[in-house]
Amino acid sequence: MPGTINNLIRKYILAHAHPMKFVAEALGVMWSVFFLWNRNWIAAVVASTLFFLLTTLILWNKPSDGLAKSPLGKILLVYATPLNFFFYNFSALPLIYGLWVHSTVYILIGVTLLLLPHLWAWKNFGSDGYTLRGMD
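Sequential numbering of the sequence shown, starting at 76, is according to the working numbering.
Treat each hint with caution, since some may be false.
To be verified - Dumping the calculated DSS-like pairs for lysine-lysine here, alpha-carbon to alpha-carbon at most 27 Å:
1. Lys137 / Lys149
2. Lys86 / Lys144
3. Lys144 / Lys198
4. Lys198 / Lys86
5. Lys137 / Lys86
Stated by the list, open to error - For each label pair, taking beta carbons as the anchor points, the in silico distance ranges come out as:
6. Lys144 / His177: 34 to 44 Å
7. Val120 / Lys198: 30 to 40 Å
8. Val186 / Asn115: 14 to 24 Å
9. Leu191 / Ala101: 18 to 28 Å
10. Trp197 / Leu125: 28 to 38 Å
11. Leu125 / Leu147: 19 to 29 Å
12. Trp197 / Phe165: 14 to 24 Å
Think of the hints as simulated: they come from the structure by calculation, not from any bench. Every residue gets a Cβ at the ideal spot worked out from N, C-alpha and C, and that includes glycine.
Can you make the complete structure from the sequences, with help from the hints?
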């Protein structure tokens with residue numbers, strides 16, 4: 076069962092490493108930040124959902140295993156464990172709230188939670204200078 080969950084998380088995370096999906100989701104996040112800052116949560120949800128769903132549909136059933144060897148795939152594989160995946164998703168809550176109320180403290184908490192897994196995952200950086208041991 077834990078192996079199945081890890082495989083599902085890995086597949087989900089690697090889908091985000093596709094260059095088209097990564098750029099589209101970055102655009103969705105940018106527009107969502109703008110709309111949240113201006114207190115338009117409906118437009119923020121529409122923007123982020125549109126970019127996310129559009130690229131998900133375009134890339135549906137495309138193989139993503141090859142993306143694990145790309146630099147972006149290696150960076151995103153940090154989130155391929157259940158705890159790191161939790162941080163990846165939970166970090167959005169304080170970030171969204173911080174943007175809504177214009178609080179830099181909550182924004183910083185959200186960004187910190189998002190980047191926190193990189194502090195312990197990269198200690199396993201391989202001797203080849205490219206591979207996260209245990210993540211490939």
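Q.
If I claimed the Cβ atoms of Leu191 and Ala101 lie 18 to 28 Å apart, would that claim hold in this structure?
A. holds (20 Å)
(Q) Lys198 and Lys86 were given as a pair; does the straight-line alpha-carbon distance stay at or below 27 Å? (A) Holds, at about 23 Å.
Q.
Quick check: does the Cβ-Cβ distance between Val186 and Asn115 fall within 14 to 24 Å?
A. Holds: the Cβ-Cβ distance is about 22 Å, inside 14 to 24 Å.
Q. Are the Cα atoms of Lys137 and Lys86 separated by 27 Å or less?
A. holds (11 Å)
Q: Could you say whether the range 14 to 24 Å given as a hint is met by the Cβ separation of Trp197 and Phe165?
A: At 20 Å between Cβs, range holds.
**Q.** Straight-line alpha-carbon gap Lys144 to Lys198, limit 27 Å
**A.** holds (18 Å)
Q. Holds or violated: are the alpha carbons of Lys137 and Lys149 at most 27 Å from each other?
A. holds (18 Å)
Q) Holds or violated: Lys86 with Lys144, Cα cutoff 27 Å? A) holds (13 Å)
Q. Could one say that the CB atoms of Lys144 and His177 fall in the range 34 to 44 Å?
A. Holds - the Cβ-Cβ distance for Lys144 and His177, about 41 Å, lies within 34 to 44 Å.
Q: Using the Cβ atoms, figure out if Leu125 sits within 19 to 29 Å of Leu147.
A: holds (22 Å)
Q.
Looking only at beta-carbon atoms, does the pair Val120, Lys198 fall within the given range of 30 to 40 Å?
A. holds (37 Å)
(Q) Quick check: does the Cβ-Cβ distance between Trp197 and Leu125 fall within 28 to 38 Å? (A) Given about 33 Å between the Cβ atoms, the range holds.
In summary, this structure violates none of the numbered hints.
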